[in-house]
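Colleague: Sequence:
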Amino acid sequence: MKESVNVKIIYHFYHHVVKAELKRRDFPKDVVRKIGEEHHKIIQRAKDIGNSRLLSSYIMGSYFIAMNRSTGKSAEENYEIFRDGLYASELFHKVMGDADSYLDPKKMAGRLQWSKESYKHIYENDWVVDILPGNDEYDLGYDYHECGICKLCKDEGCPQLAVYLCQMDYVLADITHMKLVRTKTIAEGDSYCDFRYSKYK
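If you count by our numbering, then the sequence shown holds residues 1 to 201, one letter each, in order.
Please keep in mind that the hints were generated in silico from the structure rather than gathered at the bench. Incorrect hints may have been included.
Between beta-carbon pairs, the in silico distance windows are [to be verified]:
id	residue 1	residue 2	range
1	20	167	37 to 47 Å
2	200	72	30 to 40 Å
3	158	113	16 to 26 Å
4	107	182	32 to 42 Å
5	116	72	36 to 46 Å
6	113	28	40 to 50 Å
7	9	101	17 to 27 Å
8	134	24	17 to 27 Å
Calculated cross-link-like contacts (lysine-lysine; reagent style DSS-like; alpha-carbon spacing at most 25 Å) [said to hold, decoys possible]:
id	residue 1	residue 2
9	106	8
10	199	107
11	154	8
12	120	154
13	41	94
14	154	47
15	29	47
16	179	199
17	179	2
18	8	34
19	94	106
20	2	34
21	34	94
22	2	41
23	34	120
24	120	179
25	106	47
Note that the coordinates shown come from a computational prediction; the quantities given were computed from them, not determined experimentally. By construction, the Cβ of each residue, glycine as well, lies at the ideal position given by its N, Cα and C atoms.
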């Protein structure tokens, strides 16, 4: 895929977050360089997903793959490094916002349009999603029928890594002060992923 301005910005953000966490854990400086070089190779091979709403997630996936090929640590340890880096980043907390912002009803029209467009399969590796308006059980739901991260991990020959990126969804929900309930994931062999978000009571 093309290393567009958006791709580069997202990459540099994640790279900054992980670099800081690796420094806190006393990793050799050359590990950061190796991750950057490996990530560049992955992006060059990756199928384009255009200006997908989930471009940041796709780059998170490619970056996590690069970490697993560069740090010499297990997938679980790399997940913990990434997770702790995101929790420690004040900028990430600001960018993510809060539950009120994320669940703003004004965003529903755009989400429904995104769902409709996703079924056109314009980009092979993009997500396909149904949007579920809130009810008595949750405030916002997503049913993902295709997952860009799973596709990317499969393309890169490491489908087992997708489950760790699934765990990151709980981190992102926590940072925005939301509860995420999920019983199925494509990464674990289910036919779809059922995300159900609610504000903390």
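Colleague: Decide, hint by hint, whether the structure agrees.
Modeller: Going through the hints against the structure:
no.	hint	in the structure
1	20 with 167: 37 to 47 Å	violated, 20 Å
2	200 with 72: 30 to 40 Å	holds, 38 Å
3	158 with 113: 16 to 26 Å	violated, 33 Å
4	107 with 182: 32 to 42 Å	violated, 20 Å
5	116 with 72: 36 to 46 Å	holds, 44 Å
6	113 with 28: 40 to 50 Å	holds, 47 Å
7	9 with 101: 17 to 27 Å	holds, 20 Å
8	134 with 24: 17 to 27 Å	violated, 39 Å
9	106 with 8	violated, 29 Å
10	199 with 107	holds, 16 Å
11	154 with 8	holds, 23 Å
12	120 with 154	holds, 22 Å
13	41 with 94	violated, 30 Å
14	154 with 47	holds, 12 Å
15	29 with 47	violated, 30 Å
16	179 with 199	holds, 6 Å
17	179 with 2	violated, 35 Å
18	8 with 34	holds, 17 Å
19	94 with 106	holds, 20 Å
20	2 with 34	holds, 20 Å
21	34 with 94	violated, 29 Å
22	2 with 41	holds, 12 Å
23	34 with 120	violated, 37 Å
24	120 with 179	violated, 30 Å
25	106 with 47	violated, 32 Å
Violated hints for the displayed structure, listed by number in ascending order: 1, 3, 4, 8, 9, 13, 15, 17, 21, 23, 24, 25.
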